[in-house]
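Engineer: Dock chain one against chain two, each of which comes alone in its own frame, and use the hints as you go.
Each protein sequence line maps, in turn, to chains V and C.
Read in order, the letters of the first sequence correspond to residues 1 to 249 in the numbering used here.
Read in order, the letters of the second sequence correspond to residues 1 to 503 in the numbering used here.
Among the hints, erroneous ones may be present.
[What the hints assert, rightly or not] Cut-off 30 Å, straight-line C-alpha distance, at most; resulting in silico cross-link-like pairs (BS3-like, lysine-lysine):
#	chain 1	residue 1	chain 2	residue 2
1	V	K132	C	K306
2	V	K132	C	K260
3	V	K196	V	K132
4	C	K9	C	K104
5	V	K90	C	K368
6	C	K141	C	K68
7	C	K368	C	K293
8	V	K31	C	K368
9	C	K434	V	K245
10	C	K306	C	K141
11	C	K260	V	K90
12	C	K94	V	K245
13	C	K104	V	K245
14	C	K9	V	K245
15	C	K499	C	K104
16	V	K196	C	K306
17	V	K132	C	K94
18	C	K94	V	K90
19	C	K9	C	K306
20	C	K434	V	K132
21	C	K68	V	K245
22	V	K196	C	K260
23	C	K260	V	K245
[Said to hold, decoys possible] Per the computed footprint, the stretches of chain C lying under chain V, defined by three or more beta-carbons under 8 Å from a beta-carbon of chain V, are:
#	stretch
24	89-97
25	318-328
These are calculated hints, taken from the structure and not from any lab test.
In this text, all values refer to a predicted model and were calculated from it rather than measured experimentally.
Glycine is no exception: its CB is placed at the ideal position from the N, C-alpha and C atoms.
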Amino acid sequence: MTMQSLRIDGRDLHYTPLNQQIRAAVADGVKEIVIDNVLGQRFIGDGLRGDDVTITVNGVPGGDLAMFMSGPTIIVNGNADHAPGNTMDKGKVIIHGSAGDAVAHSMRGGRVYVRDNIGYRGGIHMKQYREKRPILVVGGSARAFLGEYMAGGLLIVLGLNGATPVSERGVGSGIHGGEIIVRGKIADEYLGTGAKQLPITAEQKESIRLILEDFASAFGLDPATLLAADYSRIIAASARPFANKYTWE
Amino acid sequence: MSIGSTPLKFRVAIDTDRCMNCGRCIENCSYGVYRKEGDAIRINSRNCVACHRCLAFCPRDAIEIEEKPNDYRSHPVWTREAREAIFNQARTGKIVLAGMGNAKPYPIIFDQLVLDACQVTNPSIDPLREPMELRTYIGKKPSSLCLRQLPGGDVELRTKLTPNLQIETPIMIGHMSYGAISLNAQMALAKAVSRIGTFMGTGEGGLHESLYPYQSHMIVQVASGRFGVDINYLERGAAIEIKIGQGAKPGIGGHLPGEKVCADVSCTRMIPEGSDAISPAPHHDIYSIEDLKQLVHSLKEATEWKKPIFVKIAAVHNSAAIAAGIARSGADAVVVDGFRGGSGATPRVFRDNVGIPVEAAVASVDAKLRQQGIRNEVSVIASGGIRESADVAKIICLGADAVYIGTSALVAMGCRVCGTCYRGTCAWGIATQKPELVRRLDPETNAVQVENLIHGWTDELAELMGAAGINSIESLRGNRDRLRGYMLDEGLLNVLDVKTVGA
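Excised from the complex, chain C in its bound form (with noise of 0.2 Å):
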């Protein structure tokens, strides 16, 4: 106990002045900073997660919450997480785990690179006037067509082509499994994809046969732990995605502890509650690239040849040559999952440490399956640390084909990246199994609230595209000559195979 009590992370006030003592802050928190002692409301600000819940729902705007009220002595080299980390770790001896993505202040390439609009000598697209196509197709298409003519003038396609997602716009939901978030978040997911005509993955956690009527929007995923993965799971899917590897944990696998095992998610699971449901580091019948391939063919053969498979992989200093020995796996589409995607639970070593941009790992998958003649053997879907709309048109001039967003769908939702996920006492209902915080999640309001999200991006990009002179998004992917990188150095440029600005 030597190294006493470090420094609160959020002071929490009530300005009594504007409180009415409704009790509501103390209903909402779920972490146990208010209670009532008479008539009075106290507070244990060392409990505060920032999380934001008592402040939405205070009808008198009587809360303040402030960070880091008490500072360390500055140090650039020690700052305050370093060595919070020492002290957590000098108590434990343990690994320290983390939630949401890397927390590291790393330059993002997305806010050095600017996107291009036309000036008098190629005139603008004004979406509301005219046609823009945004709807993508993931999976493979022919290298060349065979066509032959009928008599009487009709074409037959004689090439037999390859099953392909339909999506209305390249935004697509990530894999966000039932275990990691509560089901009301994922059904709110599952009817936002419906109705706008994307899709979402299921995660490792099964699929819940309360989303059964949603199934031809889901990926289903199958992770190194194969929770939940038989073949009428298999057969539910609109497509597979096998899953290698995650921006937030590269090279480990992930594990969900007992506790979040409850009735439920042990069935979709299919393992006993309470236990660990634990995913080893690699697919132990993948151990080679090889490997991989058997298992892609395995998953269409069951299928029969009917799904798209993916596979994900986190974007790391090779993701290239492995983009392009996945695209000769058989797979159709390969899923580059960025160093700033999300978890609910990850060791904070690995969230900030390992893995590359999605940005210039993005670009060099595209520069690399081209270079070698196989660009249209796999589609391109780019995820982690996906924003805004802009990083949406940014990532497909780097050449993805669509995107997974996945906090930013949370954040949708009410998330305010507090970054607790891994607590499971997540005070929106997002993050949780307790039945009384799902509760709060309204499915149906939420999905509208995500729908609204993709379509303000859809609309977005449109008038990006318009504002470009490109009516299709097909003309925007791999298009880098409508990007200039801003301060970005020689060697970044170059990977990113854009120009500077003024250039």
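Chain V extracted, bound-state conformation (with noise of 0.2 Å):
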């Protein structure tokens, strides 16, 4: 029987030998790994496999959490830095505080929660393919330039800190395929160049209703409240931009 958890010192630790034991322990066959005093490690979990892979990440991660990553989930119990998920194909990961910019940025499947708030161009130029439809869920607010460039995926932003999902400008410009929804509505004017907003259907509020359940249930949040509230999507007013902007020689 091979170990089932392990836990590592991150105290001290450059990213690439930790990289190397949580690789080496998956590799083995463990399943849950706790990582403690983690102080700014860049990359934790790139590239890495292993869908039945839980990490726990104690401590502040560096930027590019997860990068690549196909499979694992990851728990954060503190802030993480730069574009969490950036590029990421599959699995999970859960901030239990705020994220920087460029928070799944290209990610192409799983999911991102981030309870806290966000930084600027959260989810952008996220993209789907069939069965892989990326998604990020927000609990705070978002800065500027969300969903910019989106070709696919669902993005998320509730609004829970008392502002707005976001309330600055180029929300969704050059978005072409998929979809941010946000709790209430946002002022036209912080719509991005082809970004619509429309108020969300039954329908399409009970799509999320699994999706909302689930943020809830890993921040222990009352789901009540989030299923009662009113939410508005925002999508593109054309799959295609910029196909009006060019002339043949």
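Structural biologist: Okay, here's the thing in structure tokens:
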């Protein structure tokens, strides 16, 4: 019987030996990994595979957490830096705190949940293909350029901290696929070029119910409040935002 | 409609005395120039792009294509191209898209550089008799070596070497994505590079599974759209290239129109069929040179530090300083793509006006890296407008380690440089996804042609080196003493760091 869990002390440990220990443990069949004293190590779980592996990060990981990750679940007890879930393929990242810019940048599958706020360019260029549909849920608020160039996937911003979900410009500029769902609605002046905002239908709201319940359970929130709220949906005004920009020589 | 129709670009004529009415021109033209009416073959010259597919397959040499049969009133400033672009934009109000590389008649620096040869005082080398070392290693070289003598006399290398790519000739094939070119075209290139022992780039289009057998000779690309990028793709590549810019369109992103995203392209790019594939102008996780370092390191970390990472930039005014930043980012090679670099589709205004020639960019990059003592940290790969082996020799003398060719390899597969790649109806089966056109390009035959081209250039390179008394590519690299500038101005001679002819 292989060891099922592993505890790593991250103090003064560079990210490469840290990731090497994680990879070796996953290769040995370890399913639960806890990393203590994490302080700014980048690339934790970078390119890591392992569908049934859970990694708990105690501390503040550095940038590109779970980049290219394909399968594992990472739970962060703390804030995260720049671009957690960058180009992530599969798996789940749960952040008990806030995260920096470009959260879920170019993400292609899996889920990222952020309890509090995110920085600029959240969910930028997320894309989907067949069964791969990335989901980013933010409990608090997001900064400008949310969901810019979005090509697919689902981005939900709940605005639970008392602020509006987003009150800065460039929301969904260049969006050509996927959807951004916000609690309440955002002022039209914040919509980017090529994005439009619509009230959510009962059916569409029902389609995010399980996601909201899952988010609530990850952070010990009461799902009833989330389910009772009103939402708006921001989508592409056209699937071909650049189709009319060019002529042939 | 007040502009009316513009003069024909090409006039197509069939010599009826020679024509045997076989109809091959009708079958081969994918632009709708020919049609049959009764027994006669009728011609609509306006549709012709001069791709020469019909000429190439006419068994009787009966077809004649004349370029610009009707002149405009000639004027040195108001060229035909300037006037026609105005007509186009007056009609449409849009950005003009064009194909291939820079089409303005700027002087070509390569053609004003000449190579040296030995006479009397030092003997030339005959490559038939002497071994010529053309093998090149792309990647970081250690700045020093730490050795330890073992008991018994053996020596142990204690310095940890960084992974390098070993290429048998300093000629690689640049990144042309599946989507921009057909799978058969990529397959032909893949077979050719695998047999020669060199590499090709996948472009930003993912890696189709039928190319997996050639993956050890493929450089996978991570561009701003991140299409087709996942951990499997990264692990399959022999090296990974981060595309920051492209010589044909410096500073802007790319845009593959939905019509070109067929089922198979959709699958390798991992986006829905028919959707536009938009690569933003910047990488949105790279807003600074520090962020570039982070992306380089994230790719190395994801692939466990087993693969060289390249960074490709368009040649622009500050290439030298940018390359120095790249060398410090942990990257293993910098690709400098000059303003003559090709593209399937690029705004004409960028293709013709933005960026600088690769010759000047490579010379200044090499000089800057040497000044800063970091030339060993990165290899320099030159691309954009490499047309013959002499260009390869000259750019290596100016400081490049190797070159990427693009258009030259396509020409080896039949491309006539008609520049209509963006239409998606390439009659040669290269820049198209239409199955009936793609089928025209046989991967095996075309692989042989590309292989022949690289062999021919490699042999010529060996001869040029031998004539200069050089038997190793290492001794040619950065060897500006074997170059002279012919009718170049002093400023440019200084940038290139070459003397004038006669000096």
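Engineer: Confirm or reject each hint.
Structural biologist: Against the structure, the hints come out as follows:
At roughly 28 Å between alpha-carbon atoms, K132(V) and K306(C) fall within 30 Å of each other, so this suggested pair holds. The straight-line distance between the Cα atoms of K132(V) and K260(C) is roughly 22 Å, inside the 30 Å bound, and the hint therefore holds. The hinted pair formed by K196(V) and K132(V) meets the criterion: a straight-line CA distance of about 24 Å does not exceed 30 Å. For the suggested pair K9(C) and K104(C), the alpha carbons sit about 17 Å apart, so the restraint of at most 30 Å is met.
This hinted pair does not check out: K90(V) and K368(C) have alpha carbons roughly 43 Å apart, beyond 30 Å. The suggested pairing of K141(C) with K68(C) is violated, with an alpha-carbon distance near 53 Å, which exceeds 30 Å. A hinted pair counts as satisfied when its Cα atoms are at most 30 Å apart, and K368(C) with K293(C) qualifies at roughly 19 Å. Distance restraint check for K31(V) and K368(C): the Cα-Cα separation of roughly 50 Å exceeds the 30 Å cut-off, and the hinted pair is therefore not satisfied.
For the suggested pair K434(C) and K245(V), the alpha carbons sit about 24 Å apart, so the restraint of at most 30 Å is met. Distance hint between K306(C) and K141(C) is fulfilled; the C-alpha atoms sit about 15 Å from each other, no more than 30 Å. A C-alpha spacing of about 27 Å is found between K260(C) and K90(V), which places the hinted pair at or below 30 Å, so the restraint holds. A threshold of 30 Å between alpha carbons decides the hint, and for K94(C) with K245(V) the separation of about 6 Å falls inside it, so the pair holds.
With a C-alpha separation of about 23 Å, the suggested pair K104(C) and K245(V) falls inside the 30 Å cut-off, and the hint holds. At roughly 24 Å between alpha-carbon atoms, K9(C) and K245(V) fall within 30 Å of each other, so this suggested pair holds. Taking the CA atoms of K499(C) and K104(C), the gap is near 27 Å; set against the 30 Å cutoff, the hint holds. Taking the CA atoms of K196(V) and K306(C), the gap is about 45 Å. The hint is violated against a cut of 30 Å.
Taking the CA atoms of K132(V) and K94(C), the gap is about 35 Å. The hint is violated against a cut of 30 Å. Taking the CA atoms of K94(C) and K90(V), the gap is about 40 Å. The hint is violated against a cut of 30 Å. At most 30 Å may separate the alpha-carbon atoms for a hinted pair to count; K9(C) and K306(C) exceed this at roughly 52 Å. In summary, the hint linking K434(C) to K132(V) is supported, as the alpha carbons are separated by about 27 Å, within the 30 Å threshold.
Our distance criterion of 30 Å between C-alpha atoms is met by K68(C) and K245(V), whose separation comes to about 28 Å. Using a Cα cut-off of 30 Å, the hinted pair K196(V) and K260(C) holds, with the two alpha carbons roughly 26 Å apart. For the hint pairing K260(C) with K245(V), the CA-to-CA distance comes to about 17 Å; that is within 30 Å, so the pair holds. Here's how the stretch 89-97 of chain C fares: 7 of its residues keep a CB closer than 8 Å to some CB of chain V, so the rule of at least three is met and the hint holds.
Coverage of a stretch by a chain is defined here by at least three residues with a beta carbon nearer than 8 Å to that chain's beta carbons; for the stretch 318-328 of chain C and chain V the count is 0, and the condition is violated.
Checked against the numbered hints above, the structure breaks hints 5, 6, 8, 16, 17, 18, 19 and 25 and satisfies the rest.
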